[in-house]
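> From first to last, the protein sequence lines are chains A and B.
With the numbering used here applied, the first sequence has no gaps in its numbers, which climb one by one up to 302 at the end.
With the numbering used here applied, the second sequence has no gaps in its numbers, which climb one by one up to 239 at the end.
Honestly, the hints are just simulated from the structure, not real lab data.
Using 27 Å as the maximum straight-line C-alpha spacing, the simulated DSS-like pairs for lysine-lysine come out as follows: (1) A:Lys77 with B:Lys2; (2) A:Lys55 with B:Lys156; (3) A:Lys237 with A:Lys261; (4) A:Lys106 with A:Lys126; (5) A:Lys95 with B:Lys2.
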Amino acid sequence: MRNAIEVQDLTKAYGRNAVLRELSFSVREGEVFALLGVNGAGKTTTLECIEGLRKADSGHITVCDFDVPKELSSVQKVLGVQLQSTSLPETMTSKEAMRLFCVWHKVPFRLDLLERFDMAGEHMNKQYSNLSAGRKRRLHLALALCHNPRVLILDEPTAGLDVEGRDALHKQIKQLKTEGVSILIATHDMAEAEKLSDTIAILRDGVIAKQGSPRELTASADIQSRIIIKTLNGSLKDFLTEGIVPKPDILEDDYFSFASKDAAELLLLLLTHIRKANDEVVDLRVQRASIEDLFLSIAGGK
Amino acid sequence: MKAFATSLVIQFRGDLRNKGILMVYYFVPIIFYLVMSSIFSLPGFESEQNLIMAMTVFAISMSAFLGLPQSLVQARESGVLNAYRVAGIPSWSLPLSTIVISFVHILIVALIILISAPYLFQAAWPDSIPLHLFFVAVVALASESLGTLLASFVRKQASLALVGQFLFLPTILLSGIMFPRNLLPKPFQYLGEVLPATQAMKLISNGNFQLTPLLILIAITVSAFAVSVIRFRRISLRA
Numbered sequence: 001m002r003n004a005i006e007v008q009d010l011t012k013a014y015g016r017n018a019v020l021r022e023l024s025f026s027v028r029e030g031e032v033f034a035l036l037g038v039n040g041a042g043k044t045t046t047l048e049c050i051e052g053l054r055k056a057d058s059g060h061i062t063v064c065d066f067d068v069p070k071e072l073s074s075v076q077k078v079l080g081v082q083l084q085s086t087s088l089p090e091t092m093t094s095k096e097a098m099r100l101f102c103v104w105h106k107v108p109f110r111l112d113l114l115e116r117f118d119m120a121g122e123h124m125n126k127q128y129s130n131l132s133a134g135r136k137r138r139l140h141l142a143l144a145l146c147h148n149p150r151v152l153i154l155d156e157p158t159a160g161l162d163v164e165g166r167d168a169l170h171k172q173i174k175q176l177k178t179e180g181v182s183i184l185i186a187t188h189d190m191a192e193a194e195k196l197s198d199t200i201a202i203l204r205d206g207v208i209a210k211q212g213s214p215r216e217l218t219a220s221a222d223i224q225s226r227i228i229i230k231t232l233n234g235s236l237k238d239f240l241t242e243g244i245v246p247k248p249d250i251l252e253d254d255y256f257s258f259a260s261k262d263a264a265e266l267l268l269l270l271l272t273h274i275r276k277a278n279d280e281v282v283d284l285r286v287q288r289a290s291i292e293d294l295f296l297s298i299a300g301g302k
Numbered sequence: 001m002k003a004f005a006t007s008l009v010i011q012f013r014g015d016l017r018n019k020g021i022l023m024v025y026y027f028v029p030i031i032f033y034l035v036m037s038s039i040f041s042l043p044g045f046e047s048e049q050n051l052i053m054a055m056t057v058f059a060i061s062m063s064a065f066l067g068l069p070q071s072l073v074q075a076r077e078s079g080v081l082n083a084y085r086v087a088g089i090p091s092w093s094l095p096l097s098t099i100v101i102s103f104v105h106i107l108i109v110a111l112i113i114l115i116s117a118p119y120l121f122q123a124a125w126p127d128s129i130p131l132h133l134f135f136v137a138v139v140a141l142a143s144e145s146l147g148t149l150l151a152s153f154v155r156k157q158a159s160l161a162l163v164g165q166f167l168f169l170p171t172i173l174l175s176g177i178m179f180p181r182n183l184l185p186k187p188f189q190y191l192g193e194v195l196p197a198t199q200a201m202k203l204i205s206n207g208n209f210q211l212t213p214l215l216i217l218i219a220i221t222v223s224a225f226a227v228s229v230i231r232f233r234r235i236s237l238r239a
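Just chain B, same shape as in the assembly (with noise of 0.2 Å):
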């Protein structure tokens, strides 16, 4: 426990050192939040109610989609995972204090979104802090998952940068973060049902919380994690 809790401190350290995760986590994320809260905040566009929710949802599809994938298969393709695993460090640490410490940079992206948005732009306070706290979790750890298997999957990070798209671009345009979801085409909705963030979209509907979008967080959750496992057990002996 104590050699895992140091791979997170060694973990968040180099993180806040890396360019590249500062920009994919904290930079462009907040930008893009300061940029489009202040068209969003303009007369009619009336997105006061959701405005956090979005903009936090895009932050963690980015991180999960664009950066965590990254981090998994640079290890992997680098050779520190081998390094790791000759030396007796077991496999699973690295991905596993990439994805935990992923989450906390997520966490406090959500925060700085939180505290920031009511006074900057006049943006409604959630009707419970720690349920949308909860929400943030749930939605992040349903991305990552999606983040994990994307990386399990790709071998090159060429290639990973293409295939990341694939999933962020949907998420933007698909969930109901930039506009309402009812102004796409039928089969685009149907679509966007499958990604974690049209299901956060829905978690809070008309002011009340909304079981079944988190059942399927949830269920894509656990699904994709332990086909990530399962796919990572395989890489890790190369038999």
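For reference, chain A alone in the conformation it holds in the complex (with noise of 0.2 Å):
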């Protein structure tokens, strides 16, 4: 499969603080790549850089095989974009906007967009500064799609949005992806970057700390899964001391909580203990090992 985007050693400092150290990672065609990383990782700078917003200090970049920035217009072709921190004149209408936007790429009106992402009708004559939160990301994406781009970068895309605009903006996503879009996220939104994602890298100090898909960060990362039991009559208590179980924290209520690479092991031994001691489960929990987890152990540098 072709890389959508591609960095290569991509290196940006501002004065004495560098950024970005020699940074390199492809985005496949027609995957949903999410860059992590804690507020000053390079998130953004990337994100610039690749937009051609930003000039590196060295390295290369290619989206769709034209040279960034070198081969910007072309990049703009196939490149659509929605910054984290954006803006249209205030008094421009969602439907003036798409105008714009369709004019200067020299394609149609599209109203279909408008329709797609519930932008038609009242809200089409509405001006940007009566827009809500919400529909104004949804106007900048439709915008970002208008001349049908075959790579996406979207930069916290749903931040400040309640539940119900996050939850319609994720299905516009995974919408997109099944349409062979290839889609580069920024966010701090580990459920966000788990749910929509094929691949997440954890940016920290200006290099990928981690990358892989999903399932495959938190079956390899040294961080452990969860589980919170409670029994009828706490048998589990006499259990402990034996020391084949991990010492777990006790919660209120009787709960107990043991953290284990290897869940399913524990369960099993917990189980059988509860068994043999005739006692009763009343309530059992398992939490796996999750992105947030590992981000904190990588980005939070424990």
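These two chains come separately, so use the hints to put the complex back together.
In structure tokens, the structure reads:
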């Protein structure tokens, strides 16, 4: 499979502060690739270098085999961008914005996109300043798609959105993926990254600290799943003294919380003991290691 | 060309919906014109000969120094410029359409003053209306070039409101719009020479067209726009 975006040895510093240090990664065609990192990790700088908004100190970037920034006009024909901090003239209506973006891209007016993002009807003639944050995001996404780009860059696409707005946008992103659009997302939202992405890269100190599919990352990482359990007679207390299972956190209401890399093995041990002790499970929850746990262990430097 | 024409139409429509723009480009200059012209048309002022040009120059200065730079800096500060750039819309299109439409607003107000002043305030018609409109265009471009230059140096709208006054207030006080310049102390007269409004008031002297002020206005326009283009290009790629 070809690469939609290829970043090689990208380096960028602001004064003496090196933000990106020979950063390399690639986004395959049709893939949703999430870039995670704490504030200042270099996510937005990376995206801005790819979009041609910022000049890299060194390194090589291509989008659909077009060089950035040498072939920027060709890049802009295949690339759609939704910036984190973006705006339109306050008095411009959604319809006018779409007309403007379409005419510059030399494509017919895309009413279908306004309809698809629920921006038609009354919202079409609303001025930009009168749109809610969610509607503004939808409009910017619709505008980013007006020329049918093969690659889409979304910088914090759901920041500031309510649950409904976030869910609607997630559905749109999934739909775009099925249409074959390659998507690069920078986000703080771990659940979003885990839910939407094929590949996640965790950025730390200007390099990729960890990269893989959500499943690969959580499976391979040195992080633990958690078993939270409560029994009728509290027989687990006796079991703990035997030293067979790791020491749990004791929570309120006689709940025990065990952390383990091998949750299945631990669960088997616990259930065997409970059965032997003629006890009964009242409540049982198994929480698998999440991207958030991994992110905290990497990005937090723990 | 079609794309830029569409940008202009959208810009113009948007401006007409923008209360701030309407205030700076139309409401305040026209109110000022009506009030000041009522005063200047009283017996003893003898200002009927240059009333139209003086009031037009005021409107131009207000639009170019207080209106235009605000629009340009706001577009940059709010992220509109970046939104356009990543979409492949040339980075020159937004400033240029703002400048062109600002010019259109100025011409509309200039026409309102030109047409109404002789009837409302017995102002003298210009000897040549095409020449008057040509002068208005030249002064408007020169003033807009300084407004654009201002916007290329000031990064924040908050600072711009203050800095814009440094151009606008001297224009009102030192150019001869409000009172004859020969009443000013000499240093202020010299200071006023660099203002487009001063040169505008000197374009017609004793009924004769003066070439020197015209050349100065053209020089201001070319040099200020040239520096602005360099500044905007530098800002446009944030290295």
